[in-house]
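Asks: Residues per chain are reported as follows:
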Amino acid sequence: MNPLQALEPYIDDIYTCNRTRCGFCREECPVYRVEGYETYSCRGKMLVARGLLEGTLQPDEEMARMADECLLCGYCAARCALHNVEIITALREALAEAGFQAPKHRANADQILTEGYLFPRTSAIRREGTTPLYLGCLYQSKPAEVKTILSVLEKAGFDPLIADEVCCGYVVEATGDAEGFARAQERFRQVYAPYADQEILTLCPTCTITLRDKYGLRVKPAIVAVAERIGDLRLEPVAMTATYHDPCHLGRMLGVFEEPREIIRALGVHLVEMEHNRTFSTCCGGGGGVTAVNPKLSAEIAKNRVRDALAVGAETIITVCPTCTPTLLRGAGRLANEVDKFVDVLDLWQLLDKALAR
Amino acid sequence: MPTETHIQRAFEDLQAVFGNRVTISPMHRMAYSRDWSPRHRSAQDLPDLVVIPHTTDEVVQLVQVALRYSLPVVPFAGGTGMGGGVAAWRGGIMVETKGLNQILELDLQNLSVTVGAGITVWTLNEHLARHNLWFPHQPESKRACTIGACIGCDNDSTFGIRYGKILENLTNLVLVTGRGEAVRLGHRKASFTSTGYKLMELVVGSEGTLGIVTEATLRVFPLPQTRQVRGYLFRSLNEGAKALERLLAAGLAIDSAHMNDRERLHFYTHSYREKYHREPEVPDWAEAILFISWAGDPDVVEFSMDKTTRILTEEYGAEMVREQEMVDGWWDSKHRLEFIPFKQKWPDSQRVKKFGAADLGLPIGRLDEAYARFREIAAKWHQDILGMTVYNEAPNKATASISFAVFVDDSTEESIRNFYEYVREMSAMAVEMEGTMSSYIGDGDRLGGFNALEHGPSLEYMKQVKALFDPAGIMNPGKKFDTRWLR
Numbered sequence: 001m002n003p004l005q006a007l008e009p010y011i012d013d014i015y016t017c018n019r020t021r022c023g024f025c026r027e028e029c030p031v032y033r034v035e036g037y038e039t040y041s042c043r044g045k046m047l048v049a050r051g052l053l054e055g056t057l058q059p060d061e062e063m064a065r066m067a068d069e070c071l072l073c074g075y076c077a078a079r080c081a082l083h084n085v086e087i088i089t090a091l092r093e094a095l096a097e098a099g100f101q102a103p104k105h106r107a108n109a110d111q112i113l114t115e116g117y118l119f120p121r122t123s124a125i126r127r128e129g130t131t132p133l134y135l136g137c138l139y140q141s142k143p144a145e146v147k148t149i150l151s152v153l154e155k156a157g158f159d160p161l162i163a164d165e166v167c168c169g170y171v172v173e174a175t176g177d178a179e180g181f182a183r184a185q186e187r188f189r190q191v192y193a194p195y196a197d198q199e200i201l202t203l204c205p206t207c208t209i210t211l212r213d214k215y216g217l218r219v220k221p222a223i224v225a226v227a228e229r230i231g232d233l234r235l236e237p238v239a240m241t242a243t244y245h246d247p248c249h250l251g252r253m254l255g256v257f258e259e260p261r262e263i264i265r266a267l268g269v270h271l272v273e274m275e276h277n278r279t280f281s282t283c284c285g286g287g288g289g290v291t292a293v294n295p296k297l298s299a300e301i302a303k304n305r306v307r308d309a310l311a312v313g314a315e316t317i318i319t320v321c322p323t324c325t326p327t328l329l330r331g332a333g334r335l336a337n338e339v340d341k342f343v344d345v346l347d348l349w350q351l352l353d354k355a356l357a358r
Numbered sequence: 001m002p003t004e005t006h007i008q009r010a011f012e013d014l015q016a017v018f019g020n021r022v023t024i025s026p027m028h029r030m031a032y033s034r035d036w037s038p039r040h041r042s043a044q045d046l047p048d049l050v051v052i053p054h055t056t057d058e059v060v061q062l063v064q065v066a067l068r069y070s071l072p073v074v075p076f077a078g079g080t081g082m083g084g085g086v087a088a089w090r091g092g093i094m095v096e097t098k099g100l101n102q103i104l105e106l107d108l109q110n111l112s113v114t115v116g117a118g119i120t121v122w123t124l125n126e127h128l129a130r131h132n133l134w135f136p137h138q139p140e141s142k143r144a145c146t147i148g149a150c151i152g153c154d155n156d157s158t159f160g161i162r163y164g165k166i167l168e169n170l171t172n173l174v175l176v177t178g179r180g181e182a183v184r185l186g187h188r189k190a191s192f193t194s195t196g197y198k199l200m201e202l203v204v205g206s207e208g209t210l211g212i213v214t215e216a217t218l219r220v221f222p223l224p225q226t227r228q229v230r231g232y233l234f235r236s237l238n239e240g241a242k243a244l245e246r247l248l249a250a251g252l253a254i255d256s257a258h259m260n261d262r263e264r265l266h267f268y269t270h271s272y273r274e275k276y277h278r279e280p281e282v283p284d285w286a287e288a289i290l291f292i293s294w295a296g297d298p299d300v301v302e303f304s305m306d307k308t309t310r311i312l313t314e315e316y317g318a319e320m321v322r323e324q325e326m327v328d329g330w331w332d333s334k335h336r337l338e339f340i341p342f343k344q345k346w347p348d349s350q351r352v353k354k355f356g357a358a359d360l361g362l363p364i365g366r367l368d369e370a371y372a373r374f375r376e377i378a379a380k381w382h383q384d385i386l387g388m389t390v391y392n393e394a395p396n397k398a399t400a401s402i403s404f405a406v407f408v409d410d411s412t413e414e415s416i417r418n419f420y421e422y423v424r425e426m427s428a429m430a431v432e433m434e435g436t437m438s439s440y441i442g443d444g445d446r447l448g449g450f451n452a453l454e455h456g457p458s459l460e461y462m463k464q465v466k467a468l469f470d471p472a473g474i475m476n477p478g479k480k481f482d483t484r485w486l487r
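First to last, the protein sequences are chains A and B. Take 1 as the starting number for the first sequence in our numbering and just add one per residue. Take 1 as the starting number for the second sequence in our numbering and just add one per residue.
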């Protein structure tokens with residue numbers, strides 16, 4: 001296969017960006033903010049993509065590292081009508097096809113394709129019930145967190161059914177293996193076939209968007225389902241000043257902005273907004289597989305997001321994503337060493353469970 | 001062009017100072033290979049190195065390395081220029097100035113802010129808004145454009161008619177000259193000076209040819225309580241300009257004024273069409289649309305708006321635009337920048353063809369004449385007309401900083417050459433009409449040399465000024481005194 005084939009559908013977009021240079025995508029790009037070279041912003045990548053297409057640049061390891069250090073967070077896509085995330089994914093695919101893929105990404109994709117899941121787990125979590133709840137790889141590896149979430153869902157009157165699961169395959173596609181993703185999809189469809197016609201509650205925003213967009217499934221983030229019943233729940237108030245971090249996939253891509261905020265307000269939290277919120281929220285640093293290939297960069301991005309919270313006087317960041325919570329917590333810990341102030345990071349499920357337990 | 005040996009040695013010397021903030025990687029150089037200027041779609045001007053300084057001292061060090069190896073030094077900021085100002089067509093060191101992005105001092109008592117020159121206008125204003133302040137020099141490129149670029153390019157500002165351009169609000173700067181020295185120019189936090197020569201003013205519009213601006217002190221202002229925007233239709237551009245002068249004489253709280261011809265309106269109203277699937281209503285008789293904003297306390301704004309409408313309709317036969325949503329869409333496109341690129345703006349001017357403009361400054365009474373000749377010259381060089389906007393860029397007076405815009409076909413070298421022939425003829429027309437060739441884009445790599453037609457013998461004095469600041473001729477060579485395009 002011609003390694004550049006993946007980029008060809010986007011040639012018009014690439015030239016359009018090249019001739020424009022508006023830079024709407026650049027300044028808040030979390031990776032550019034840390035790395036400083038234009039190359040890391042979307043418009044920089046678009047010039048690199050053109051160089052590849054025209055043969056003035058050749059694929060190499062440095063280029064693959066640059067592409068792998070994109071969070072695929074979609075900030076640039078929210079600022080632009082071009083297919084930015086798809087183009088960067090295609091860039092990764094082209095580079096992988098040319099033989100330049102991060103070993104860690106290859107290992108992760110192989111793990112998913114071989115075992116059916118990404119992260120080590122003691123045993124698969126299952127639950128008898130009536131409403132399908134898809135956990136995804138991350139939550140399958142976090143039984144304590146799942147216990148908390150199930151506790152909330154049960155108190156809210158849900159009867160979740162956790163069936164046999166395999167990975168949705170997002171990581172396989174996002175790290176440049178289109179052919180492997182097709183195989184991952186086939187397996188997912190076989191395993192999850194019994195629930196294909198039902199509404200599926202989901203926890204991980206990334207799985208949610210993959211199930212919706214790549215499989216055409218009817219999905220609803222479980223946190224939205226809880227928000228719909230929040231008025232019926234007896235909650236003990238929580239006294240704190242906090243900000244809410246919009247996970248990229250849950251917010252920008254699925255459009256879930258207000259429901260988590262409604263829950264937070266119902267808990268009595270004094271909610272303050274960061275400068276960049278909702279559609280134009282910026283990534284925690286955990287997106288796109290960046291943590292796997294460059295944990296230091298991921299931590300620097302997380303620190304910047306925690307700085308955003310500090311700038312508006314928040315003592316706590318609340319979020320609702322199995323990637324954002326630990327990533328921000330890591331950033332908060334490291335930043336505390338520099339600014340002598342620790343901003344706590346809480347998962348909304350955890351907060352809800354405590355408020356419901358009292 | 002620099003030799004490979006010099007480039008390699010410079011790289012090694014710079015690495016000792018900058019570590020991984022300097023690179024010779026082709027990939028990174030490619031990311032700095034063009035700005036927003038009309039070029040062939042495959043054009044690229046690759047610098048030899050890219051370096052990201054964080055302090056004035058680091059800029060001094062990199063200029064000293066450049067002097068050691070006779071390498072060109074090209075400052076790069078927003079990358080949104082339309083005159084090829086950052087095209088490294090003679091290679092050299094591309095200086096990524098956006099690493100100089102600190103807010104160094106916010107002096108609330110004196111309404112003054114000192115910043116690293118690499119901060120964007122947008123980010124600065126986000127910061128100032130937390131203190132109920134703003135910096136009113138606001139080019140349309142402000143999301144990406146830096147304060148250093150505003151100084152270097154002397155670009156346009158939406159609020160020029162009340163606050164002027166960057167120079168009106170710049171009180172001090174630090175320049176690292178081509179001698180590799182940092183010099184502080186200006187008058188600290190005072191708004192003016194009568195002492196010495198006005199060297200700070202020389203730097204405004206110098207496009208990096210004298211040195212690199214690393215720090216700037218700016219006058220800031222309290223945010224107005226409210227702002228309203230309306231549009232008015234006129235039978236001619238000259239009528240609109242006369243009416244604007246009358247409004248200013250009346251003493252109203254106007255803070256922006258822009259006049260478009262009918263065709264240019266199309267450029268600004270894609271979001272309207274996107275929403276309503278139809279063209280905004282503009283009567284056949286209307287040749288010009290004047291958009292005005294007023295800012296201040298609500299009662300003052302309300303009065304100014306009513307008085308404006310009375311003057312324009314009763315004394316000039318103008319008509320207020322009935323569809324306020326069209327006006328709001330225009331404002332979103334012009335100032336608030338609340339649009340999605342290539343959908344609600346630029347779907348035709350960037351996706352299919354490219355936006356290109358001659359940016360003449362003309363006497364205010366010759367707009368209709370210029371408009372007619374614009375159409376003739378564009379037709380002669382096979383340029384499709386995108387339209388004309390008259391910007392008002394000086395406080396309290398009608399001015400004619402004009403964008404004569406066309407759609408540029410960037411698929412062939414010939415069509416690009418035709419565009420620059422169009423710019424050449426328009427620029428000559430500006431001088432003939434007692435105006436200037438450029439009022440907000442700058443010389444870039446377009447007008448240098450050809451601008452002798454405008455400057456005459458004074459161009460030689462300008463060369464002497466350049467030699468004083470940059471005796472080795474390393475600072476952004478190929479700009480101001482050379483052109484790649486006009487013959």
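Keep in mind that a hint or two might mislead.
Stated by the list, open to error - Derived list of chain A stretches under chain B, where covered just means 3 residues or more per stretch with a C-beta under 8 Å from a C-beta of chain B: (1) 23-37; (2) 211-222; (3) 320-326.
As the list claims (entries may be wrong) - Per label pair, the in silico range of CB-to-CB distance: (4) D12(A) x D482(B): 30 to 38 Å; (5) D328(B) x V339(A): 40 to 48 Å; (6) T195(B) x V339(A): 54 to 62 Å; (7) E262(A) x F221(B): 52 to 60 Å; (8) L108(B) x F342(A): 45 to 53 Å; (9) E105(B) x V339(A): 31 to 39 Å; (10) D12(A) x T55(B): 35 to 43 Å; (11) A311(A) x P395(B): 32 to 40 Å.
If you are wondering where the hints come from, they were derived from the structure by calculation, not from laboratory data. Don't be surprised by glycine CBs; every beta carbon is placed ideally from N, CA and C.
Asks: Do at least three Cβ atoms from the segment 211-222 of chain A come closer than 8 Å to Cβ atoms of chain B?
Replies: violated (count 0)
Asks: That 45 to 53 Å hint for L108(B) and F342(A) (C-beta), does it hold up?
Replies: violated (30 Å)
Asks: A311(A) and P395(B), beta-carbon distance inside 32 to 40 Å?
Replies: holds (34 Å)
Asks: Do T195(B) and V339(A) keep their Cβ atoms within the hinted range of 54 to 62 Å?
Replies: Once the Cβ atoms are compared, 43 Å apart, the range 54 to 62 Å for V339(A) and T195(B) is violated.
Asks: Is it true that the C-beta distance of E262(A) to F221(B) lies inside 52 to 60 Å, as the hint says?
Replies: For F221(B) against E262(A), whose Cβ atoms are near 38 Å apart, the range 52 to 60 Å is violated.
Asks: If you check the beta carbons of D12(A) and D482(B), does the distance land in 30 to 38 Å?
Replies: Holds: the Cβ-Cβ distance is about 34 Å, inside 30 to 38 Å.
Asks: Note whether the CB distance of E105(B) and V339(A) lies within 31 to 39 Å or breaks it.
Replies: About 20 Å separates the Cβ atoms of E105(B) and V339(A), which means 31 to 39 Å is violated.
Asks: Is the coverage entry for the segment 320-326 of chain A by chain B consistent with the three-residue Cβ rule at 8 Å?
Replies: violated (count 0)
Asks: Has the hinted range 35 to 43 Å been met by the Cβ atoms of D12(A) and T55(B)?
Replies: The hinted range 35 to 43 Å holds for D12(A) and T55(B), with Cβ atoms some 41 Å apart.
Asks: Count the residues of the segment 23-37 of chain A whose CB lies closer than 8 Å to any CB of chain B, then report whether that count reaches three.
Replies: Satisfied; 6 residues make the cut.
Asks: That 40 to 48 Å hint for D328(B) and V339(A) (C-beta), does it hold up?
Replies: Holds: the Cβ-Cβ distance is about 42 Å, inside 40 to 48 Å.
In terms of the numbered hints stated before, the structure departs from hints 2, 3, 6, 7, 8, 9, listed from lowest to highest.
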